[in-house]
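Peer 1: Generate coordinates for the entire structure from the input sequences, incorporating the hints supplied.
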Amino acid sequence: MTSQWRRLALSKQGLASQQQFGADLSGTRSAIEHLGYVQIDTLAVVERAHHHVLWNRVPGYDPTHLNQLISEQHIFEYWYHAASYLPMRDYRYALPHMTSIRNGENRYYTDVDKHLLNEILARVSAEGALRLRDLDKENKGKGKGKWWNWGPGRRALDKLFMQGDLMVCERNGMEKVYDLAERCLPEGIDLSMPTLSEYAAYLFDTTLRAHGIFTWKQLLHLKTGKPLRDAMRKILDERIEAGVVQALGNADTPTTYVDTKALEQAPTINDAVKVLSPFDNAVIHRDRLSTLFGFDYRIECYVSAPKRVFGYFCLPILYGDKFVGRIDCKAHRTNQRFEVLSLHLEDGSLDRDQFFPALNDELQRLADFNRCPLLDASVVAVQ
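For the sequence shown, our numbering assigns the number 1 to the initial residue and increments by one for each residue that follows.
It is possible that part of the hints are untrue.
Claimed, not checked - With a cut-off of at most 25 Å between alpha-carbon atoms, the simulated DMTMM-like pairs for lysine to aspartate or glutamate come out as follows:
id : residue 1 : residue 2
1  : K217      : E300
2  : K176      : D24
3  : K261      : E33
4  : K330      : E346
5  : K226      : E105
6  : K217      : D237
7  : K223      : E77
Said to hold, decoys possible - Restraint-style ranges between C-beta atoms, simulated for each label pair:
id : residue 1 : residue 2 : range
8  : K217      : P63       : 27 to 35 Å
9  : W79       : P186      : 15 to 23 Å
10 : S192      : S290      : 34 to 42 Å
11 : L222      : L185      : 24 to 32 Å
12 : Y108      : D353      : 50 to 58 Å
13 : S197      : Y108      : 46 to 54 Å
Calculated directly from the structure, the hints in this document are not laboratory data. Each residue gets a CB set at the ideal place from its N, CA and C atoms; glycine is no exception.
Peer 2: So, in structure tokens, the structure goes:
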């Protein structure tokens, strides 16, 4: 049964078939709408997380798709459990967080100069979309002006974004371009504030749709407060009573729930190798990953070098319906070389004659996506 649960989870994540969401731009939009969010990350040891996640699910994915979908008002940037791309249809569920920041309930944003907020808003309103470094014309975009280096100016711009006055209308690499929210939102979008019950239902439905099998902790991933916990408990109880989900009640899967209809299906998983991002939606819930897949995964770039076991940016390796190891890679973009620094396999039952050719093919595909076609996989070759 555990294998069936794993297959269900991977199928819901779009990792069972590369055709699940379609291809190219429309596939990218469908993937984001199905997953509910795609986390944005600044680390660029290999291609950044938001691109890596979508590339693993959408044939023909191109990093330019995200800017295009933002310009077409199908997705937007905001906060989920971290900075993320989100479906525009879910914009109203960002309003509670925006309002809490506007009202000073988040202490990180309480000491921002109100005059500076108004000055930046007036500038964007008069001149149109701007980058942070554009805010000081005197330095001609060299990044040395009072606003670029001055901490309060950065915080003011960040607050205007987080409270919903400004939106990101484009990214050039990791540099954000901001414009007024009213210019970025589609006409007729629902801007009504969701009730606590509606917000809990949104979180529940997103998790159910994107994962199929989930834990109580996952439903509230980094969302806190007793009122929300109580609202979520009510939603969960209602969905259990309606037969939408059922508790597994298994000692191996405590407080775990499964999509009742999906449980009746038997999704097939090809014995394909996928090298995932550390911030992939399928692995970001570490406790669930350990419980369901028996894979204890932690990214090690945030710990000191002496404490690392698997490498600075070790990537999870998925093979069929199992996580079988991790691989530390680095894209050397100046000489277009993709280096495999280390490989750690954890499944002794692997058919090596099948696995290693598939792994090499996947590494070459990943190298090409990183614009580093020269694959240096000598570590893999000696396994």
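Peer 1: Taking the hints in turn, state whether each one holds.
Peer 2: Do the hints match the structure? See the list:
1. The straight-line distance between the Cα atoms of K217 and E300 is roughly 23 Å, inside the 25 Å bound, and the hint therefore holds.
2. Under the criterion of a C-alpha separation no larger than 25 Å, the hint pairing K176 with D24 is consistent with the structure, at around 23 Å.
3. Pair hint K261 plus E33 holds up; C-alpha atoms about 20 Å apart against a cutoff of 25 Å.
4. Between the alpha carbons of K330 and E346 the distance comes to roughly 21 Å, so the proposed pair stays at or under 25 Å and holds.
5. Using a Cα cut-off of 25 Å, the hinted pair K226 and E105 holds, with the two alpha carbons roughly 16 Å apart.
6. Proposed proximity of K217 and D237 is supported: the alpha carbons are some 15 Å apart, at most 25 Å.
7. Distance restraint check for K223 and E77: the Cα-Cα separation of roughly 18 Å lies within the 25 Å cut-off, and the hinted pair is therefore satisfied.
8. Look at K217 against P63: about 32 Å separates their beta carbons, and that is inside 27 to 35 Å.
9. Hint check: W79 to P186, Cβ distance near 20 Å, so the stated range 15 to 23 Å holds.
10. The hinted range of 34 to 42 Å is satisfied by S192 and S290, whose Cβ atoms lie roughly 39 Å apart.
11. The beta-carbon spacing between L222 and L185, approximately 26 Å, falls within the hinted interval of 24 to 32 Å.
12. Checked against the hint of 50 to 58 Å, the C-beta distance between Y108 and D353 comes to roughly 54 Å, which is consistent with it.
13. With their beta carbons about 28 Å apart, S197 and Y108 fall outside the hinted range of 46 to 54 Å.
Hint check: a violation occurs at hint 13 only; the rest are consistent with the structure.
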